[in-house]
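**Student:** Sequence:
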Amino acid sequence: MAERISDTRWKALFEAEPDAVLVVAGDGALCEVNPAGLILFEAERAEEVVGHALSEFLAQPNREAFRSYVERVRGGHKGSLEVEMAGLKGGARTVMVWAALLDKKPGRGTPLLVLARDVTQQREMEADLRESRKMAAVGQLAATFAHDFNNLLNGLMGSLWLVATKLGADHPAAPLVATAGQAGRKAAEVVRQLLAIGRKSKGELYAVALKPIAEQVVRRLRRTLDPRIEVVLEADPDLWTVQSHPGVIRTILLNLCTNARDAMSQGGRLTVELRNVRKEDIGECVRLTVSDTGIGMDHELSRRIFEPFFTTKEEERGIGLGLTVVQSLVNRLAGAITVESEPGRGSRVVIDLPRMVAKDAPVELSPAVPPVRTVPSGTGQAILVVDDEEILRVVARAALEQAGYVVLEAEDGASALEVFQREHERIAAILLDVNMPGRSGQEVFQDLRGLDPNVLVIFCSGSISDKKGELLTRGGAKAFLPKPYSARQLTDAIRQVLQLQPNR
12 MAERISDTRW KALFEAEPDA VLVVAGDGAL CEVNPAGLIL FEAERAEEVV
62 GHALSEFLAQ PNREAFRSYV ERVRGGHKGS LEVEMAGLKG GARTVMVWAA
112 LLDKKPGRGT PLLVLARDVT QQREMEADLR ESRKMAAVGQ LAATFAHDFN
162 NLLNGLMGSL WLVATKLGAD HPAAPLVATA GQAGRKAAEV VRQLLAIGRK
212 SKGELYAVAL KPIAEQVVRR LRRTLDPRIE VVLEADPDLW TVQSHPGVIR
262 TILLNLCTNA RDAMSQGGRL TVELRNVRKE DIGECVRLTV SDTGIGMDHE
312 LSRRIFEPFF TTKEEERGIG LGLTVVQSLV NRLAGAITVE SEPGRGSRVV
362 IDLPRMVAKD APVELSPAVP PVRTVPSGTG QAILVVDDEE ILRVVARAAL
412 EQAGYVVLEA EDGASALEVF QREHERIAAI LLDVNMPGRS GQEVFQDLRG
462 LDPNVLVIFC SGSISDKKGE LLTRGGAKAF LPKPYSARQL TDAIRQVLQL
512 QPNR
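The sequence shown lines up with residues 12 to 515 when you count with my numbering.
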């Protein structure tokens with residue numbers, strides 16, 4: 012063996028090989044380790060590992076698999092094996108090993124030459140790619156059914172609103188109708204969360220102070236949570252701002268606090284912390300931590316909690332999207348999220364969001380346009396409702412007619428153009444669905460503008476983001492109404508648009 016290692020050419024190759032090269036005795040003990048091997052074992056000198064069994068460095072579940080692999084190699088097998096190992100300092104690595112006999116006469120005492128390649132980064136990249144594809148698939152799934160599902164919700168919730176107006180607040184069935192409406196709004200939120208997962212764009216971001224948002228969420232939690240759960244907010248006095256959107260931060264907090272609540276069925280302590288920290292990989296950032304004293308999770312559960320639709324809750328308490336949405340939003344803000352948990356000792360979710368620096372000048376928020384209350388209800392103006400879903404046209408007609416408008420209907424782009432050409436003088440505004448069979452709403456909009464450059468169009472959709480809705484308004488539309496919308500939101504949008512040109 013000594014002659015083999017002392018050979019000049021072999022020694023040069025042994026020293027220069029970028030992968031770990033190990034000579035293993037017949038009893039499994041390490042005899043020789045090259046410089047790359049020392050790095051893998053987190054050792055500074057060969058003496059620190061020589062004499063130790065290679066299996067000592069392997070993760071317990073992999074030791075039997077490695078023993079079987081060595082037996083197969085002694086029998087002529089030439090394949091490889093992937094194992095998990097830990098160095099002297101505890102660093103966990105994923106390693107691909109290839110073994111070959113160093114003697115032409117196989118036997119249990121024959122030494123082995125083992126080549127070990129660190130594939131940790133490669134496996135992490137592959138896992139990230141799989142996760143990215145999974146999220147893309149979920150996003151595509153959401154985009155595929157969101158339009159139809161939101162149309163159904165819109166019809167359902169609109170019909171409930173109409174029933175409620177007929178029954179009146181004192182009717183015995185009114186609470187049941189209200190409960191059904193709340194369920195519809197929760198269903199709409201599920202669809203919004205699905206769409207949030209699939210979207211890659213950050214959208215329009217602003218300078219956001221986390222403390223006021225956290226204070227609002229905590230006040231709400233104290234009013235609504237089980238009184239046995241103590242809710243605590245701890246924040247640095249001079250907290251930095253981050254670049255985000257208030258709604259994003261609120262969504263993150265509410266999802267994390269909901270999970271914490273569900274982990275404390277017998278009561279406990281829910282703590283929200285906001286701190287200024289500095290991290291090597293992110294730099295200056297604001298750390299948002301939500302911790303609980305609940306049941307906690309083992310390593311296997313902690314590893315899976317960000318998977319879409321994975322949940323440990325009872326079926327009626329969740330569908331496993333909350334933390335997936337949180338992770339998606341944090342990634343979109345260039346932040347980082349980690350989870351620490353142990354069974355019986357609660358959980359702690361830590362989110363680091365980059366501090367907003369000077370070059371990221373905050374975007375001025377446009378003041379919200381208050382709902383128009385001074386304009387009376389419709390006075391007979393004609394509104395053209397263009398939607399391929401009959402139930403939505405029925406609901407929109409009922410809501411608008413109750414508000415004093417005259418309603419015309421069209422089920423697609425061709426019939427919309429036909430009605431507009433025939434009733435052009437009467438039509439004050441058009442409610443136009445973005446996604447329709449045949450010509451899209453945007454194409455129909457261009458045709459309408461060709462007939463009347465001043466046409467007043469309100470786009471509506473249940474499958475595009477508010478950001479894309481804003482682009483439609485910049486392109487000439489007067490408003491964007493996301494589905495599902497309420498009767499009040501519909502009539503308010505019509506009133507605001509007509510107020511822009513009251514002579515219509």
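Just so you know, the hints here were simulated from the structure itself, not pulled from any lab data. Note that this is a predicted model, so its numbers are computed, not measured. We put the CB at the ideal spot given by N, CA and C, even for glycine. Take the hints with a grain of salt, since some may be wrong.
[Stated by the list, open to error] Restraint ranges, calculated between C-beta atoms of paired labels, are given here:
no. : residue 1 : residue 2 : range
1   : K478      : T269      : 23 to 31 Å
2   : G90       : T269      : 43 to 51 Å
3   : I50       : G278      : 43 to 51 Å
4   : T269      : G37       : 31 to 39 Å
5   : A180      : K478      : 33 to 41 Å
6   : H435      : A180      : 39 to 47 Å
**Student:** The structure should be examined with respect to each hint, and the outcome stated for every one.
**Tutor:** Against the structure, the hints come out as follows:
{"no.": "1", "hint": "K478 with T269: 23 to 31 Å", "verdict": "holds, 26 Å"}
{"no.": "2", "hint": "G90 with T269: 43 to 51 Å", "verdict": "holds, 48 Å"}
{"no.": "3", "hint": "I50 with G278: 43 to 51 Å", "verdict": "holds, 50 Å"}
{"no.": "4", "hint": "T269 with G37: 31 to 39 Å", "verdict": "violated, 58 Å"}
{"no.": "5", "hint": "A180 with K478: 33 to 41 Å", "verdict": "holds, 38 Å"}
{"no.": "6", "hint": "H435 with A180: 39 to 47 Å", "verdict": "holds, 41 Å"}
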